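Trainee: Count the sequence shown with the UniProt record's numbering and you get residues 1 to 152, in order.
A portion of the hints provided could be inaccurate.
Pairwise CB distance ranges (calculated) [unchecked claim]:
hint, residue 1, residue 2, range
1, 125, 78, 28 to 36 Å
2, 125, 45, 19 to 27 Å
3, 148, 109, 41 to 49 Å
4, 36, 124, 17 to 25 Å
5, 12, 151, 15 to 23 Å
6, 4, 146, 32 to 40 Å
7, 120, 98, 34 to 42 Å
8, 53, 20, 21 to 29 Å
9, 148, 45, 37 to 45 Å
Think about it this way: if two alpha-carbon atoms lie no more than 16 Å apart in a straight line, the pair counts; the simulated EDC-like pairs of lysine to aspartate or glutamate are [claimed, not checked]:
hint, residue 1, residue 2
10, 95, 146
11, 80, 6
12, 98, 88
13, 95, 81
14, 131, 146
15, 80, 140
16, 79, 146
17, 71, 125
18, 80, 91
19, 95, 57
20, 23, 74
21, 71, 6
22, 71, 57
23, 98, 21
24, 98, 57
25, 131, 6
26, 131, 151
Please keep in mind that the hints were generated in silico from the structure rather than gathered at the bench.
As the structure is a prediction and not an experimental result, all values here were calculated from the model.
The beta carbon of each residue, even a glycine, is placed where N, CA and C say it ideally should be.
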Amino acid sequence: MCASGEEYDAVLSFWDPLKADPKSYGEIVLQRLFETNPDVQKLFPKFAALSKEQLQDNPDLQAHGGIVVCKLTEFLKQKKEHKDLVGDLAESHAKQHKIPRINFQIICEVIVIVAAEKIDGFGTDAQTALKNVLKEFQTDMGACYDAFGYDQ
């Protein structure tokens with residue numbers, strides 16, 4: 001399934017709060033990710049041994065979360081022209097960080113939940129559009145993983 005240009009536009013029409021404060025929103029996403037999927041936290045060496053309290057207002061967590069939101073913003077803006085961005089992300093996550101592909105599905109689900117909670121007016125249609133856009137991201141990342149021969 002491919003997301004439409006209209007779905008990218010729909011998501012971008014609500015995306016300004018995240019774009020304006022990527023570190024805060026990224027921190028929320030990562031905290032929620034670790035809360036709901038504690039095994040995922042172990043994949044992040046900097047955060048693996050930290051408690052929920054130690055993750056609160058953690059500058060490293062904020063920085064990493066900010067990168068996640070900024071890369072996603074870049075992906076959204078590029079719409080269908082994101083091959084290089086996805087390829088670079090897939091390469092680092094597969095070859096360097098050894099992140100199993102299922103984790104992209106997990107974080108994408110968390111992103112939708114956080115967006116629905118934190119963005120005013122982010123209703124059902126916008127959530128569906130975001131799910132479709134993020135599904136395209138997951139599919140493209142998976143194709144890159146396949147090309148690299150990374151089977152996790």
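Trainee: Against the structure, test the hints numbered earlier, and report the numbers of the ones violated in rising order.
Mentor: Per hint list: 1, 2, 3, 5, 6, 9, 13, 14, 16, 17, 18, 19, 21, 22, 23, 24, 26 violated.
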